[in-house]
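Trainee: Starting from the known structure of chain A, arrange chain B with the ligands on it as the hints suggest.
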Amino acid sequence: MGTATLEKNDSAGPVDSAENSASHLITVTLRIRRFNPEVSDEPQWQDFTLEIDPKERVLDALHKIKWEIDGTLTFRRSCAHGICGSDAMRINGRNRLACKTLIKDIGPDKPITVEAIKGLTVLKDLVVDMDPFFQAYRDVMPFLITSGNEPTRERYQSAEDRERFDDTTKCILCAACTSSCPVFWNDGQYFGPAAIVNAHRFIFDSRDEAGEQRLEILNDKDGVWRCRTTFNCTDACPRGIEVTKAIQEVKRALITRRF
Amino acid sequence: MSTTETTETANGAATEPTDDVALFDVDHPAPVIEPPRKRTAKTPKASRGNFEMQTWLFMRLSGIVLVVLVLGHLLIQLVLDGGVSKIGFAFVAGRWASPFWQVWDLAMLWLAMLHGANGLRTVINDYAERDNTRFWLKMLLYVATVFTVLLGTLVIFTFDPNIR
Ligand code: SF4
Ligand code: FES
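Same order as they appear, the protein sequences are chains A and B.
Residue 128 in our numbering is what sits at position 128 of the first sequence, and the numbering runs on without skipping anything.
Residue 132 in our numbering is what sits at position 132 of the second sequence, and the numbering runs on without skipping anything.
Because the hints were derived from the structure by calculation, they are not lab data.
Rough simulated footprint, nothing fancy, chain B against chain A, three-plus residues with beta-carbon under 8 Å:
#, segment
1, 38 to 44
2, 116 to 124
3, 248 to 258
Note that the structure is predicted; figures quoted are calculated from it, not measured.
All residues carry an ideal CB built from backbone N, CA and C; glycine is no exception.
Same shape as in the complex, but just chain A (with noise of 0.2 Å):
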């Protein structure tokens, strides 16, 4: 989808699409929520206004912006097609990639709010610091840890072995799940929903031999016990993932110690 519209704008150029398709440009407004260390020590709302075609993404009224009316404005994004996970921010409330957004589904008839996501420092605008939310990630080992002799070969795996984590490979790491935890929100200590979707995604490979080790982790105080099962990280995550399930698993699996 992002890709269609990206092409569309390639080729008609700016120029040729406000000439010829003006009628199906809408006027939106954005309310961003901005914050510049080096201008003021509070945040504050700037609405900008713009025509836009309602079937781009809200990181194309980002570009809009920034390329054209105001180039302060600070955020991340990479691949801009549901990748890289650069680009969570939370719009109209709900955490959300700027760049699988459409404008047209969030209701542009009333001004369209983005701030950075919640529960991590911001740094400027919309850019935060995201050392915390690794940090938790760093910690749950995510990486194969095995024993032995490296194969010659690959490491063989079932299709049914693979199918038990098939869920958490979806990860790109945006932390919109883990930005939309309300415990997370309040002590930042908690590992958070990304970091034991990335422990989940190991721990039930069969080709991993650390999942005693990962479920050690996770049993501390600041592990999945402190899950409250809101599912705000399930209604979150942009990539599908049934974070909140994946939770439930890691608790299951300490609890029965077997996965």
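Mentor: For chain B with the ligands alone, kept in the frame of chain A given last:
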């Protein structure tokens, strides 16, 4: 956090808010707003054994038992046999003469108190931001819980139907 301070449209967006320009600039940036407690490489890898898992399990199991105990209790006390009007000293004395009801009430007291206290403990853990606040709130909670549980247990076991 003001919502309308800089409500600017496309054309006027380049102007900066002017009220606190003197306070912060490139060399003297404002402090960023940090979350109350955040994870660092030094975050204690505290291992409290299985305590959190056991309390989590306890919440589920005591919850199930409490559904039976509390609903049964309410039914007997408030619905069956004349409803609430029958409850008096004699009714309580009669019930507590039987060990069955003593055990029922005792189990209900302990489970409900511990279930509630543990629930509040997690709420305090979730929402108290400063270590000191958290510590004292929990102390208060534990003292209140122990006091209520002991007092209730004492009453159930030392209840004297002949007291006048
Ligand atoms: S689980 Fe989903 S919401 Fe959470 S970091 Fe991964 S992709 Fe993002
Ligand atoms: S820019 Fe890469 S996920 Fe949105």
